[in-house]
Amino acid sequence: MDTQPKPRPSDRELARIPGAEPSARLDPWWWLVVLVIALTVILATVKSDPFWRILLFVRDGVAVTVFITATAFIFILIVGMLGGLGRLSRNPIIHGVATLYVEIIRGIPLLVQLIWWYFAFPVVIQQIGRWLNISVMANYQANAIVTAIVGLVFCYGAYMSEVYRAGIQSIPKGQTEAARSLGMTYFQSMRHVVLPQAIRVILPPVGNEFIALLKDSSLVSVVAVADLTRRGREFMATHFDPIEVWAMVALVYLIMTLFSARMIAWVEKRTRFER
Amino acid sequence: MEAIIHIDNVHKHFGRVHALQGVSLDVHKGEVVVIIGPSGSGKSTLLRCINHLEECDSGSIVVDGIPLDSAQNINAVRREIGIVFQSFNLFAHLTVMQNLTLAQRVVLKRARAQSEKIALELLTKVGIPDKAQAYPIQLSGGQQQRVAIARALAMNPKIMLFDEPTSALDPEMIKEVLDVMLALASEGMTMVVVSHEMGFVRAAADCVILMDEGQIIEQATPEKLFTSPSHERTKLFLSKVLHL
Chain H
1 MDTQPKPRPS
11 DRELARIPGA
21 EPSARLDPWW
31 WLVVLVIALT
41 VILATVKSDP
51 FWRILLFVRD
61 GVAVTVFITA
71 TAFIFILIVG
81 MLGGLGRLSR
91 NPIIHGVATL
101 YVEIIRGIPL
111 LVQLIWWYFA
121 FPVVIQQIGR
131 WLNISVMANY
141 QANAIVTAIV
151 GLVFCYGAYM
161 SEVYRAGIQS
171 IPKGQTEAAR
181 SLGMTYFQSM
191 RHVVLPQAIR
201 VILPPVGNEF
211 IALLKDSSLV
221 SVVAVADLTR
231 RGREFMATHF
241 DPIEVWAMVA
251 LVYLIMTLFS
261 ARMIAWVEKR
271 TRFER
Chain L
1001 MEAIIHIDNV
1011 HKHFGRVHAL
1021 QGVSLDVHKG
1031 EVVVIIGPSG
1041 SGKSTLLRCI
1051 NHLEECDSGS
1061 IVVDGIPLDS
1071 AQNINAVRRE
1081 IGIVFQSFNL
1091 FAHLTVMQNL
1101 TLAQRVVLKR
1111 ARAQSEKIAL
1121 ELLTKVGIPD
1131 KAQAYPIQLS
1141 GGQQQRVAIA
1151 RALAMNPKIM
1161 LFDEPTSALD
1171 PEMIKEVLDV
1181 MLALASEGMT
1191 MVVVSHEMGF
1201 VRAAADCVIL
1211 MDEGQIIEQA
1221 TPEKLFTSPS
1231 HERTKLFLSK
1241 VLHL
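In order, the protein sequences belong to chains H and L. If you're matching positions, the first sequence starts at 1 in the working numbering and goes up one per residue. If you're matching positions, the second sequence starts at 1001 in the working numbering and goes up one per residue.
One chain only, chain L, in its complex shape:
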């Protein structure tokens, strides 16, 4: 099967820090890939390279057959990819409804009525249709993150990226966001997720990747990783995050 995301030997420096050291990864259509690893291991950087929020120094990234090599291609790829950030990044000056319709209208040129209909369907899907006229600041973190997911889905992406979507949330709000992500995974969405929610990993991940110091250490199914990891580094990391 052809990979929908093809990452080949990518390097990235931040000043003197070598953040990505020759990372190669294939993600197939409908696959849910979860990237775990310690802080500063390059997980988020790798994710942000996929939709070119970070530019890699060398190597190549091809998304759905489109190489990330020109401004035109980058915009084309971004239209196929939705991203959800740790800090939500909802547009602070717009209502929830306007947050969901802005890019539909400006980028996809959808009519107002159509974009609002789609927005309302998605808000219903993430469980907060009653918040359409609220401003982001009036919502809880969990609600904001669900709006952010709905905003990304409104663009009909083929791929969804999640950059630590639950790390900024209060514990009791994590589940409501994970439930939305699980539903999305069960619908067959291609997802790349940076997260340490092991419950989500067990329930939804097709493949888990452990990164450390800018490299992929191990790539395996969740069962394989949790029961018999092949690398010492993986064992050490899991022993810490699983609180065993």
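The shape of chain H in the complex, shown without the other chains:
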């Protein structure tokens, strides 16, 4: 007869059970974050010229980098979910559009995309504005930060679509069947049954994407956004001390990425426990 082996709990499933895992201790890798921060502080105090001066100079760039990364990431999570659902859609038009988006965007370097959005896209809008005689469009000027965020969202949204798709596909079909046969609609079963489980699965790759985005946000420095990298270049241009500048910029990025990695690990651990 069509007997199926009795489903046995995997380690991951066992770890989900409240109380089945040792109590949440502080992740030992936090010492690395502390070490890198300590190194930066020591450099800035012991040799405040140029290190402290560099930090002061680039600090508004840090704010820009954090702002761009955080804002873009929120939109990427939304675009990725829509893209992932689109890739899994049985409607051929939705599936086709989502697949075309993912395949095209993944095939073009991020730097080229950012340059296109900043330099080419406004010209396209202006041309259309001139043809249609719409002065708002004809006089369109790109806002550097907005354009940079749009470029990052478009590119990372495509990668994130694939992350969501894989996560949704990893949830057994029986979960959807059970939800649908209880009378739930497609969206209800996605929202209440599939996505809550898929999100736990995709948390590690989503964390990776976040850190990659944080680093790749340095590319926006070529499209007139005064982020951390661009501020570093500006400092170097006036002071001619590349070793110190780029060591400091690298340290600041490292602090942000290592800190993010620990935060992601913490969230991952927390969501294993049930509400």
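Hints are computed from structural coordinates only; laboratory data are not their basis. Any given hint might turn out to be false.
Straight line, CA to CA, 20 Å or less: simulated EDC-like cross-link-like pairs of lysine to aspartate or glutamate [claimed, not checked]: (1) K1029(L) <-> E1187(L); (2) K1158(L) <-> E177(H); (3) K1029(L) <-> D1064(L); (4) K173(H) <-> E1055(L); (5) K47(H) <-> E209(H); (6) K1029(L) <-> E1055(L); (7) K1158(L) <-> D1064(L); (8) K1125(L) <-> E1176(L); (9) K173(H) <-> E1187(L).
Cβ-to-Cβ under 10 Å is the rule here; a few derived chain L residues that face chain H [what the hints assert, rightly or not]: (10) F1014; (11) L1068; (12) N1073; (13) R1078; (14) E1080; (15) A1103; (16) A1111; (17) A1152; (18) F1226.
Heads up, incomplete: computed chain L residues facing chain H, CB under 10 Å, no partners named [as the list claims (entries may be wrong)]: (19) A1071; (20) N1075; (21) R1079; (22) F1085; (23) S1087; (24) L1090; (25) F1091; (26) A1092; (27) L1102; (28) A1148; (29) V1201; (30) A1203; (31) I1217.
Ideal Cβ placement from N, Cα and C applies to all residues, glycine included.
For chain H, the structure is supplied; the task is to place chain L on it using the hints.
Same frame as chain H, but now just chain L:
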């Protein structure tokens, strides 16, 4: 008497496999129909066609006067039918209580307190009210399947479908699930069951159907089937499953 499930000349293909080859069947209100047959005979496919988890290629299915022909009707029919799966399919991220209340709240728009009251009554009925706050993974197979039955009953279905509900269970857990099913049958629930539990067939079935190669070979009462089956195929199958 009007049939509550009316299946007429249904065909279903999976690629090149002709899984259902013109199946017609009427199930009346309050009837317990058990479908038996060898692996791959189309039993589960037929059952899954009734609530449209599988779409049939041709033929018609009408449940309680509603034909399965539009998305709206399919959802309406699904609200009248509960299904219990071989692999339980409890929502892994929710507690037992949340498993029982989710669809009540989302689909039937019941208030939280009301849905929890109903859930607790049903958990008591299936004998595990103390497991309300447990997660599915913490339960035995038999307990999970009883939760799955309770979850389906929480929607007040008119019909219950069982797709090999005891096949994935350890032998000592089969009885606890069958007892719940027997109680349900004695309350007059309309049930369509794919199962080879002959004890259940003898005790509860009004009608037994033998399927083979996508067709209904024989349809009879349990007494008739066990004592004097009319088809050679039925005799052969029964001789194997009854270990005579």
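For a quick check of understanding: which of the numbered hints are violated here, in increasing order? 5, 6, 9, 10, 11, 12, 16, 18, 29, 30, 31
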